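*Asks:* So you can see what is in the structure, the chains are spelled out below.
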Amino acid sequence: MSGISRRKFLKSTVVAGGSAAAAMSSTKKAFAMKEFEGYPESMGVLVDLTRCIGCRTCEAACNKEHGLPEPALPFDDFSVFDQVFHEGKQKRRTTEKAYTVVNRYETKDQGAPVYRKLQCFHCSEPACLTSCFVNAYTKTKEGAVIYNADVCVGCRMCMVACPFSMPAYTYDSALHPQIIKCNFCYDSRLKNGKPPACVEACPQDALTFGHRKTLVKTAHERIKANPKKYVDHVYGETEVGGTSWMYLSSVPFDQVDFNTTLQHHPILDNTKSFLGIVPMVLGIWPAMFLGFHLLAKGGKGEKKDKESKNRVEVQGE
Amino acid sequence: MKHFIKEGFKPVDSLNDPTDGHQWSIMQKLLLGLSPKEYFQQLRRNPFNWFLFMIFAVGLPVIVYRYINGLGSVMHGGFDYPWGLFLGFGLFCMVPLSASGFLLGTTVELFGHKGFKPILNLALLNGLLGYFFAVVFLLVDLGCPWRLYYPMVVAWGTAAVLFLVGWHVATYLTVQVLEVSEAFFEWINWPTAKNYIHKGTIGLTVAGIILSTLHQGALGTLLTYAPGKVHPLWYSAEFMWIFFLCSAVFAGLCMVIAVSTIVKKTMAWRCGDEFLDNLDTITIGLAKGASMALVTYFVIKLIGLIHDNQWSYLATGWGKLYMAEIFLGVILPVTLFSFGIRRKSVGLIRFTAFLTIGGLLMNRLNTVLITFNWNLYQEWPPLLETIISVTIFFLFVTVYRFILYRLPILYSWKTEPAAELVSVPVPDLADPSPAQAKQQLVSEMSS
Amino acid sequence: MKSRKRWALKGTIVALCFLVAPAFGAGGEPPDSVRIDSLSHLYNGVDFDHELHVGVEEDCSVCHHHVFGNGVADKQCARCHSNSKGTTSVACRDCHVEDPFTVEYLTKMETDPNRYHVDITGLKGAYHLRCFTCHIEMEAPSECASCHERTDAGDRFYRSGKYAPTGGGTGGSHE
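Chains as they are written, first to last, in our numbering: chain A, 1 to 317; chain B, 1001 to 1447; chain C, 2001 to 2175.
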């Protein structure tokens, strides 16, 4: 009658302690990554929208490099720039058949159209990677964010988490559904020190390949040398903690469908306050609630307890 | 069933057949003591069974169709809306509505409020089935459902919040299976196992609190991965987890009120006197708990609004939806609950519980589906996706009913008239002697 | 699949073997025409009519920057190069390399402390950026095919002409 036995107490403490240890390890990585500032040797691409002429050669090169399915229209068919979807609310986007697409924008700030190439931004601290519960994503030291379909369960958390909504999914495959996204030509080129196929194919040098660190400097130099031509912002330098693919533009970025409301620290940071309380809950709850339990027992006293028991008995009869 | 009850039939509620003293066989227990012919007679007579049959006749083939043709054949398959009803409803709504298990477990087992004991088993079962069917929804939604165990065994994405959700839901499901298994072991007459589980009650309950706190909160934290996509009014980087945890408290309590209401209306024959006699008092008690949680929720929602300075959004169309949700799902329920509690109007409380559940559904669907990608375009779940979701929900209802009909959830299991006197009183957990005494009795009986 | 990729690789390498007219030193005679073959696997080479363009644009520095040592029009360049002497090599490819993204080249650009110009476009980029800008400004022909004719390999690359897709549809994200 005097509270729970010691053996039981110990048992439940051990159970709680065990799960605490398991969860501690789960948060360790999050803490360790606090100071991560991206791989020093990470490569990147600087996309200069003022140079892009919308020739779609990058799309063709990507399709060929990765052996992607035949497109619906030829790559030199520019009518695709007129395509809009969802009652005109969305232009073309990356799909399970295209790692990259170029869109055309008629902007109010500039007479000539502006073209924007779209592909995975290869974030320094990718949300897809940090939200994946089976570690299907890897940020390589070369800067590519690559995906391993062999462990993917198909929860599509990465698609929800990606601030650029880049990953596509082969929804139509019943047996081998997987995420489809640009991989920076990691296997075929990047890891051998070569630029991705789209960069190599670009006739306008709208895509500049190099070390990310250098590209940030280059981007600012270009703005400095031509302050009237460029908007004074390098998109991707700090967005969501920095991306390997960065953009320069002559028109404000929101006019060419960039999300200019993104946070300037990694998406992972948003979960840190919660992940921080996990070990606290695991550590404090067992003792606290067992304490409450003992208090509740002790406060009632033996007599009261017996009374309540009798009451139920009466009701039962 | 009501016909048989009218004719004086008494469904199986004890170890032995009271007429001849023989032990009921498993088959007899499954058929509730009816002959197979009588059982199918009552199956046919109940119009609800025909309703269920129609739903499954349409829905089950659609589920098969989904596995043959892939997710894209039933979902919208959008790249901007990777989650649809399966997760939006099946995971994000079912899990908070199933918080009942840990809440009443804590109340009864830890805080010793024995007054809630008659509804404890129902709350535990509600929790177990809710989680179980959330996993069923997951099996439909995952691209590769056969890899469900991967985060446990094959690859550990330990920094991911979903990893935590996955592990905790899995562990908690186990905890709940153990908690409910007490009733099951009683029913199949395996007292040793029942007593063994019973000894671990406190440990299981504490584990339940820990796991529930964390994964209910973690579900909210999942959405902090998509800060720009979830509408600012429904988003808070700091408070998301506490919003979800707090709303799970009133959702779980209201779900118990709602289910007990339905049970009382549709299967009173299965309810024990202890359950029926105490239900009104218990309902008022649950309503008190729920209204406290609702008030707390309202306050922290307000703090969230102030903290992130989101007032300007209230003037937009989304703001109206937000205010409607807060009014219908929080302010109105609090008001009605307080009226109901003061006037002891159980009917009003029951109505309000349903209203609160509606408010919770609205909140979760708003957060995950309706306002998701608010600055992009809106997408509605297609027909087949809705059909599958409805089918699985009614599968949940069917299994729920099947178990309630049989296991001693709503009534207490009678082992023997003589043993009843000793075992009916709630055995004190701290003191193993009543359990031992009972075990002795049981072993004596079976020998 | 693999052989196709290898083919693409070879094609690219071949394409990057330039056949620009021999460099001529400062004081030499300008060439009448320059053969440009940078994309020769997708497009036939271009015979650039240098004489014609000299007639259109009299200021050599528009294309040749400061290399002749007689001033430069671009104010940004003039900050350093208004009085700089002519250089020994004046051909595009002498500064704009064929492949600007090799490890060696990137390292050279990044590690040389005395180098100011680290952001130099590649040869292909330099041509196109220069040609396009003027052609659009002067409303001269600016289609790809107005300068160079596409080859069969080019048609296949762009999935155009006889390689055009037959599947139909618009190629949208949600059809």
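Any given hint could turn out to be false.
With a straight-line cut-off of 30 Å between C-alpha atoms, the simulated DSSO-like cross-links for lysine-lysine are [claimed, not checked]:
| id | chain 1 | residue 1 | chain 2 | residue 2 |
| --- | --- | --- | --- | --- |
| 1 | A | 229 | C | 2108 |
| 2 | A | 97 | C | 2162 |
| 3 | C | 2162 | A | 224 |
| 4 | B | 1344 | A | 89 |
| 5 | A | 194 | C | 2108 |
| 6 | C | 2075 | A | 213 |
| 7 | C | 2108 | A | 217 |
| 8 | B | 1414 | B | 1006 |
| 9 | A | 64 | A | 108 |
| 10 | A | 229 | C | 2075 |
| 11 | A | 228 | C | 2075 |
| 12 | C | 2162 | A | 217 |
| 13 | A | 64 | C | 2085 |
Reference listing, derived: stretches of chain A covered by chain B, where coverage requires no fewer than 3 residues with Cβ under 8 Å from a Cβ of chain B [unchecked claim]:
| id | stretch |
| --- | --- |
| 14 | 114-124 |
| 15 | 155-161 |
| 16 | 223-237 |
Since the hints were made in silico from the structure, they are not lab data. Computed from a prediction, not measured in an experiment: that's the story for all the values here. Heads up, the beta-carbon is just placed ideally off N, CA and C, and yes, glycines get one too.
*Asks:* Please go over all the hints and tell whether each is borne out by the structure.
*Replies:* Here's how the hints hold up against the structure:
1. 229/A / 2108/C: holds, 28 Å
2. 97/A / 2162/C: holds, 21 Å
3. 2162/C / 224/A: violated, 47 Å
4. 1344/B / 89/A: violated, 53 Å
5. 194/A / 2108/C: holds, 16 Å
6. 2075/C / 213/A: Given pair residue 2075/C, residue 213/A holds - Cα atoms ~28 Å apart, limit 30 Å.
7. 2108/C / 217/A: holds, 16 Å
8. 1414/B / 1006/B: The given pair, whose Cα atoms are some 22 Å apart, holds under the 30 Å limit.
9. 64/A / 108/A: Distance ~35 Å between residue 64/A and residue 108/A Cα, so the pair is violated.
10. 229/A / 2075/C: holds, 14 Å
11. 228/A / 2075/C: holds, 13 Å
12. 2162/C / 217/A: violated, 45 Å
13. 64/A / 2085/C: Answer violated: residue 64/A to residue 2085/C is near 46 Å, above 30 Å.
14. 114-124: It is violated, with 0 qualifying residues against the three required.
15. 155-161: Result for this restraint: holds, n = 6.
16. 223-237: That given contact is violated, which follows from only 0 residues of the stretch 223-237 of chain A lying within Cβ reach (below 8 Å) of chain B.
Checked against the numbered hints above, the structure violates hints 3, 4, 9, 12, 13, 14, 16; every other hint is satisfied.
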